[in-house]
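Take a look at the letters that make up each chain.
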Amino acid sequence: MLRALQLEPEKCTGCLQCEMACSFENEGVFNPAKSRIKVFNFHDQGRFAPYTCTQCDEAWCMHACPVEAIVVNQDTGAKEVLDSVCVGCKVCTIACPFGTVNYSHDSGKVIKCDLCGGDPWCAKACPTGAITYVDIDSTGLGRMRAWAQQGVPSAASFNAPMEKDVQTYGQAQ
Amino acid sequence: MRHIVIGAGPAGVVAVEHLRAFDPEGQITLIGDEPEPPYSRMAIPYYLINQIDERGTHLRKDAGHFDALGVEVLQARVTAVDTAAKTLSLAAGDSAAFDKLLIATGSSALTPMIPGVESDGVYRCWTLADARNIVRLAQPGKSVVLIGAGFIGCIILEALAASGADLTVVEVENRMVPRMLNDTAGGLIKKWCEDHGVKVLTSTKVESIDQGSGDRPLNVVCDSGEAIAADMVITATGVSANTGFLNDSGIDVDQGVVVDDYLNTSADDVYAAGDVAQGKDFSTGGFNVQAIQPTAVEHGRIAARNMVQGNHHAHRGSVNMNVLDTLGLISSSFAMWMGVDGGDSAEVSDPGRFRYVNLQFQDDRLVGASTLGLTDHVGVLRGLIESKVRLDGWKEKLKQDPTRLMEAYIARTQALGHNAYVR
Ligand SMILES: Cc1cc2nc3c(=O)[nH]c(=O)nc-3n(C[C@H](O)[C@H](O)[C@H](O)COP(=O)(O)OP(=O)(O)OC[C@H]3O[C@@H](n4cnc5c(N)ncnc54)[C@H](O)[C@@H]3O)c2cc1C
Ligand code: SF4
Ligand code: SF4
Chain D
7 MLRALQLEPE
17 KCTGCLQCEM
27 ACSFENEGVF
37 NPAKSRIKVF
47 NFHDQGRFAP
57 YTCTQCDEAW
67 CMHACPVEAI
77 VVNQDTGAKE
87 VLDSVCVGCK
97 VCTIACPFGT
107 VNYSHDSGKV
117 IKCDLCGGDP
127 WCAKACPTGA
137 ITYVDIDSTG
147 LGRMRAWAQQ
157 GVPSAASFNA
167 PMEKDVQTYG
177 QAQ
Chain P
12 MRHIVIGAGP
22 AGVVAVEHLR
32 AFDPEGQITL
42 IGDEPEPPYS
52 RMAIPYYLIN
62 QIDERGTHLR
72 KDAGHFDALG
82 VEVLQARVTA
92 VDTAAKTLSL
102 AAGDSAAFDK
112 LLIATGSSAL
122 TPMIPGVESD
132 GVYRCWTLAD
142 ARNIVRLAQP
152 GKSVVLIGAG
162 FIGCIILEAL
172 AASGADLTVV
182 EVENRMVPRM
192 LNDTAGGLIK
202 KWCEDHGVKV
212 LTSTKVESID
222 QGSGDRPLNV
232 VCDSGEAIAA
242 DMVITATGVS
252 ANTGFLNDSG
262 IDVDQGVVVD
272 DYLNTSADDV
282 YAAGDVAQGK
292 DFSTGGFNVQ
302 AIQPTAVEHG
312 RIAARNMVQG
322 NHHAHRGSVN
332 MNVLDTLGLI
342 SSSFAMWMGV
352 DGGDSAEVSD
362 PGRFRYVNLQ
372 FQDDRLVGAS
382 TLGLTDHVGV
392 LRGLIESKVR
402 LDGWKEKLKQ
412 DPTRLMEAYI
422 ARTQALGHNA
432 YVR
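Same order as they appear, the protein sequences are chains D and P. Residue numbers for the first sequence follow the numbering used here, so the first one is 7 and each next one is one higher. Residue numbers for the second sequence follow the numbering used here, so the first one is 12 and each next one is one higher.
Read the hints as simulated data drawn from the structure, not as lab findings. Just so it is clear, the structure is predicted and the values come from calculations on it, not from any experiment. One should not assume that every hint holds.
With the Cβ distance kept under 8 Å, some of the chain D side facing chain P (calculated, not the full set) [said to hold, decoys possible]:
1) 20
2) 93
3) 96
4) 97
5) 101
6) 108
7) 133
8) 170
Ideal Cβ positions, reconstructed from N, Cα and C, are used throughout, including at glycine.
Please work from the sequences and hints to get the whole structure.
If you want it as structure tokens, here you go:
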């Protein structure tokens, strides 16, 4: 049975434990700016909303990728970025209409939620149950496109992106 | 059912994969004329800087992919299509019969009408074959002139600058990427390039490419009177759809192959997809050639479905969108970035830090956007535009702070806690 992240903003207190856990497990640092799940803060209403990739059926990011660097994990259903194949062209970042693929200056590639291989740390870290990892009802299963179910392609020779001075909002310079 | 797809770029490849998914029994042939496995032009800039090798440009990395799908891949050039007999002719003299045909022949870089443009050392940067030549000649100490600072020109600019060659960019319009960004943003990209050692001549036209004197074989003469001694010249002055082989087919061709909402051409059973197709634009509802990768893929999926299942799946229109990385300055533009009649806009500009966001509204909906330096959650601009979500009070908030896009989207859609699989 495939599982998915269930996000319930009404339970979120804005404690950012999920962001800390995500950045630490995936990037090796406690730095919310590097988290793949993001808690949005609606100051004026005192509300919070955790938000990340829904592993959507349409997989806009995956289809837009010119080099097959985003693939479906057959076990989890997650759309995963293959670091060794991604060239950092950023087309997936504009193709995902939910804004949940981000370009990372550090790696010169993109990062997105991969469900931590089936054991998402954000869900484990959330103290209030605003993020839970739950079974998908079986009607959701037929959605995966047959042609996307190929194995992980082997990388050709891939070198690190060139170092450069990048200017953007948000990320540390 | 015999399906033939002409053109082995992203549109053609995605189409054959979907044809197979929808028609497990049918016979599927993919015909492409380039002497390479199907590859992605978009990956060329990364090949130029040696971040990937040629195999890294291939659309499908698994060599047995098409065999496993039962798709026959032919390397051949299609020279004519007979829509009545439902056959096509190949350059070698053979012919092939189809029940359904997809034209996905893409576009080619135009050669500008400049005296001397046929000289040795003048290249386009459109195919892997072009890229091999450029890699050979773009070396430290060489002088390279890039004619055209449109989207494709700017995409290869970074790779050319990274080669260590002295780079001069010549653009006839008053700014860089004139069809993607406004004066402010295009001007900032120019300044950024100049700060990074690239010489940029805007509002300048190349009059001729002459033989050089001295040790540089070429001399690029501009209408400003300036002349640049060059080892290599690259032209990136626009593209045109590859429709020549359809001249006698009776299939309607305008800017590209004319299609309806189902990507069906004027001939029954013949469809078109990708750069060659004059497809529906999401914003205007009109038909134009967008010539971008995401649109090619979208066309490929929809055309394949209609080829197998009949014309039931209408194309809602593709959002025209681009993202560009110019020497580390990342820009993007979406849909009606230039604004619409009777619309209004919001802008934040911080030229000192090369940051810029411009949002275009119609009533209380977002209809277009352009940005510099915005990479986090940038795709939500597409979401806001394509979902046509009413911004309600968020329009005012966005006008005060256009960077609060994600909050606006989350607050205004039911996306709060909504997951694709669970509610
Ligand atoms: C250097 C470069 C960088 C780019 N970067 C981006 C980017 O960052 N983002 C973006 O969105 N887009 C980008 N593009 C554009 C993008 O690559 C195209 O939109 C995309 O390739 C279109 O796909 P397609 O399948 O329609 O056509 P193509 O990829 O052009 O494929 C068509 C194929 O058909 C073949 N063909 C043509 N005529 C015949 C015939 N008569 N018989 C047989 N075969 C034929 C062609 O040779 C070609 O192999 C870039 C393009 C270039 C050149
Ligand atoms: S990143 Fe976006 S497009 Fe890709 S699977 Fe997630 S929600 Fe879908
Ligand atoms: S940035 Fe990487 S994963 Fe995204 S589309 Fe480009 S190559 Fe694919």
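Against the structure, the hints:
1. The beta carbon of residue 20/D comes no nearer than 13 Å to any beta carbon in chain P, farther than 8 Å, and the hint placing it at the interface is violated.
2. Below 8 Å, beta-carbon pairs count as interface contacts, and residue 93/D has one with chain P at about 4 Å; its hint therefore holds.
3. The interface hint given for residue 96/D is met, as the beta carbon of that residue sits about 5 Å from the closest beta carbon of chain P, less than 8 Å.
4. With a cut of 8 Å, the hint placing residue 97/D at the interface with chain P holds, because the nearest CB-to-CB distance is about 6 Å.
5. The restraint placing residue 101/D at the interface with chain P holds, with a minimum CB-CB distance near 5 Å, inside the 8 Å limit.
6. A least Cβ separation of about 5 Å between residue 108/D and chain P falls short of the 8 Å threshold, and the interface hint therefore holds.
7. A hinted interface residue such as residue 133/D counts as satisfied when its beta carbon comes closer than 8 Å to some beta carbon of chain P; here the least separation is about 17 Å, so the hint is violated.
8. Using the Cβ-Cβ criterion of 8 Å, the hint placing residue 170/D at the interface with chain P is satisfied: the shortest such distance is roughly 4 Å.
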